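Participant: Single-letter residue listing:
Number of protein chains: 2
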Amino acid sequence: MNSLIELNKMGLCQMLQAIESGSCDTEALINTCFDRIDVRELEVGAWHIKRTREEYLSEYRGNKSFYDQSLLKGLPFGVKDIIDTEEMMTEMGSPIHIGRQPVEDASCVALIRAAGGIVLGKTVTTEFAYFKPGKTKNPADLERTPGGSSSGSAAAIADSMVPMALGSQTAASVIRPAAYCGAIGYVGSRGEFSLRGGQPLAQSLDSLGLLARRVEDIQLLRAVLLRQTASIYNHQSTAPKCVLVCHGESVGETSAAMKKAMDNAIEILKSQGVKVIELDAGGRIKEMVNHHINIMSWEVCRNLVIESFHKEKLSEPLAALMEQGLSMDRKDYVTSLDATQVCRDWLWSYALEADVILAPSAPDIAPLGHDATGAPHMSRPWQAMGLPVINVPGMKDQNDVPLGLQLIGKVRDDDMLLEYANWMMPLIN
Amino acid sequence: MNSLIELNKMGLCQMLQAIESGSCDTEALINTCFDRIDVRELEVGAWHIKRTREEYLSEYRGNKSFYDQSLLKGLPFGVKDIIDTEEMMTEMGSPIHIGRQPVEDASCVALIRAAGGIVLGKTVTTEFAYFKPGKTKNPADLERTPGGSSSGSAAAIADSMVPMALGSQTAASVIRPAAYCGAIGYVGSRGEFSLRGGQPLAQSLDSLGLLARRVEDIQLLRAVLLRQTASIYNHQSTAPKCVLVCHGESVGETSAAMKKAMDNAIEILKSQGVKVIELDAGGRIKEMVNHHINIMSWEVCRNLVIESFHKEKLSEPLAALMEQGLSMDRKDYVTSLDATQVCRDWLWSYALEADVILAPSAPDIAPLGHDATGAPHMSRPWQAMGLPVINVPGMKDQNDVPLGLQLIGKVRDDDMLLEYANWMMPLIN
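Those protein sequence lines, which keep their order, are chains E and R. Residue 1 is where the first sequence starts when you use my numbering, and the numbers rise one by one after that. Residue 430 is where the second sequence starts when you use my numbering, and the numbers rise one by one after that.
Honestly, the hints are just simulated from the structure, not real lab data. Only a predicted model underlies this, so the values are computations on that prediction, with no experimental measurement involved. Hints should not be assumed to be uniformly reliable.
Said to hold, decoys possible - Simulated restraints on C-beta separations:
hint, chain 1, residue 1, chain 2, residue 2, range
1, R, Leu471, E, Asp68, 52 to 60 Å
2, E, Glu54, R, Glu752, 55 to 63 Å
3, R, Ala685, E, Ser231, 52 to 60 Å
4, E, Gly282, R, Lys825, 56 to 64 Å
5, E, Gly369, R, Thr481, 51 to 59 Å
6, E, Leu42, R, Leu755, 42 to 50 Å
Unchecked claim - List time: in silico PhoX-like cross-link candidates among lysine-lysine, alpha-carbon distance up to 25 Å:
hint, chain 1, residue 1, chain 2, residue 2
7, E, Lys241, R, Lys688
8, R, Lys839, E, Lys64
9, E, Lys331, R, Lys760
Glycine is no exception: its CB is placed at the ideal position from the N, C-alpha and C atoms.
Pulled out of the complex, with its shape left as it was, chain E reads as follows (with noise of 0.2 Å):
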């Protein structure tokens, strides 16, 4: 059992290495995964649906040959539930869509099946990627929440049931649940990935998500949606010269846990003799908050359109998220676009010397209770901003609960913003 549970623990690299090294059978590491579900699922609740083992091998088996030549070779992955999959329903965590089933896979689906991945299962969504949990629990601590609403898909992934899963972010929906979780979210430059057949929310903000436990899984996975070259070898790792460091205040409260936790990170990058600045941002960045909760409130209710039919049927804050959108000015609405343009040109021009930014993924440690999800607001100024990001997991407070650190980089620079953060992963850790 203690070798299977190493097992499982790997990442996606060090799987795939194991499997073309000939140290690791790839039905031994299947069935890992599926060991360590079935010890934890009942408490952890990762998964809305799911293949049973005994479906998975069979599919495995029954087109091994293809499996066996591919780059994932059929190891297994989590899909958010918002997320369409032609093989399983897909019911955005909302009684509206019970039993949905949709005709074709996500791109991003069907580029990772394309690549030897399997569905294992859709992963657990807050209603419509808003706020009302799911059955999922934080794996580091059952009492806590896993965060929001890529909560199935964080838990999966830190908790070891698969090494790779799908997410999605429009506010704070990746980097957050991994942050609690103590897994890396990485959420792509807005426009960085296609969207097809994942469910919108805000077209202004929604981005792709990719949970995993190495940066190097991220790197590789990002290869494969773009449909590069990928290689489960040698991912590039690189210091950043200078990082500009955004302490949670300039957006709102943090806990003495999570100062401290920043504070560690940046003795650590000045200890590697990286050049660190002090973000003056004069309020800019929290009013980035507020543009940001405008600009979803505005599209939510006119992408949910249907939904928005069945009020009864939906939760009370995403009805009001709803209200507030339609009474809304359209000229708030076009105001809070225009002002993250206007803040993101300024931010890079304010420290033109900066490679990537640092800031908490979050105010805290993920809070006590499942009825809700934590506090969204540490990633809307980012989100609504457009820029690509990754938490980075590692730190912890002083009951071993995680606490997280984004790393945020400039648009369209995600291939810089991954090696950045493959370097400083294994400090920190």
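Go by the hints and put chain R onto chain E.
Facilitator: Only chain R this time, still in chain E's reference frame:
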């Protein structure tokens, strides 16, 4: 029969006003659309799938009290067949998706239906809204192409088969068919409307389109899609103070007939006291054509993923576009994305004074033949910059074949663009 032809030629608002005033019966208007289709569809071929008159009237009569109290009174609309409809298949002009039945309506369809519109049918699209033509012929001259990709929607509007239709534009897919057929075609600012349930082609370029016969109808439908207060009366019309003219030569060659149409329009503007300034872009707009092609090439093969696995069922031009995108260097893609922003900022700072841009919608009238849909380059620059655009019909060559002029607005300034178009439309008709 003459009075029927008059009825079906009315604009949407005119029809609705006639119903409200009691001067016209809803069923008479519905019947006049079907009468026109009965007479012309065999030749024009605007429809891929459609309801019969009996099916339509049964839907209308079955929910008569809802429709009679609704804004759109049960009048028919056409939906480009890359936009999902719950009650009809969406086959996207491709053999790959024969029989494809979507799970739910696209948001735009759901909103028009909720406002009391009834889907008369799915209009012909080129293959995946790219180049390979469907069966549609130009109703103004059956020997000519209707343009693409929203071929059926433009033809159905221009031929007075329905008073409203949905389209989409990634390159020139609304403006060009609208110009060729003689319809109004409006393309929203990038991000303006929800694209949920519309087949994405290139996420950085795709926009929803609306087609109708009068600008006020577009204003009405825009309000419906934005869930704003919509009225069938008193739509705003505003004279621009200053118009920036972009002659076709800034993008490519234009015909003598188009040059004359532009000159005529400029004379009309001047005679109305509008200040006209000429764009000297120094090659900047022409460069946008290639940047647009780069962006589209990169993104299409990453959206049409499932389809790319059925190469044998793709047209040669689409397969070639995908090949190009797959072999591209990502740097060229990002460079092109950046260039569009730079050009957009330059454009409006160059002409601070200008309210709107006037340019040819296409190089010429619709070309003869049905093997291709005409050249899209007159639209590529504006689409690359994400600007709102409207084709204003009315000009014709010496043989009475339509010549389209486009008005191009500032980002998210769609309401003013429509007011300028509403002012200009009667002047050139």
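Participant: None of the hints should be skipped; say for each whether it holds.
Facilitator: To see whether the hints hold, each was checked on the structure:
{"no.": "1", "hint": "R:Leu471 / E:Asp68: 52 to 60 Å", "result": "55 Å, holds"}
{"no.": "2", "hint": "E:Glu54 / R:Glu752: 55 to 63 Å", "result": "40 Å, violated"}
{"no.": "3", "hint": "R:Ala685 / E:Ser231: 52 to 60 Å", "result": "56 Å, holds"}
{"no.": "4", "hint": "E:Gly282 / R:Lys825: 56 to 64 Å", "result": "58 Å, holds"}
{"no.": "5", "hint": "E:Gly369 / R:Thr481: 51 to 59 Å", "result": "57 Å, holds"}
{"no.": "6", "hint": "E:Leu42 / R:Leu755: 42 to 50 Å", "result": "44 Å, holds"}
{"no.": "7", "hint": "E:Lys241 / R:Lys688", "result": "55 Å, violated"}
{"no.": "8", "hint": "R:Lys839 / E:Lys64", "result": "55 Å, violated"}
{"no.": "9", "hint": "E:Lys331 / R:Lys760", "result": "36 Å, violated"}
Hint compliance for this structure: hints 2, 7, 8, 9 are not met, and every other hint is.
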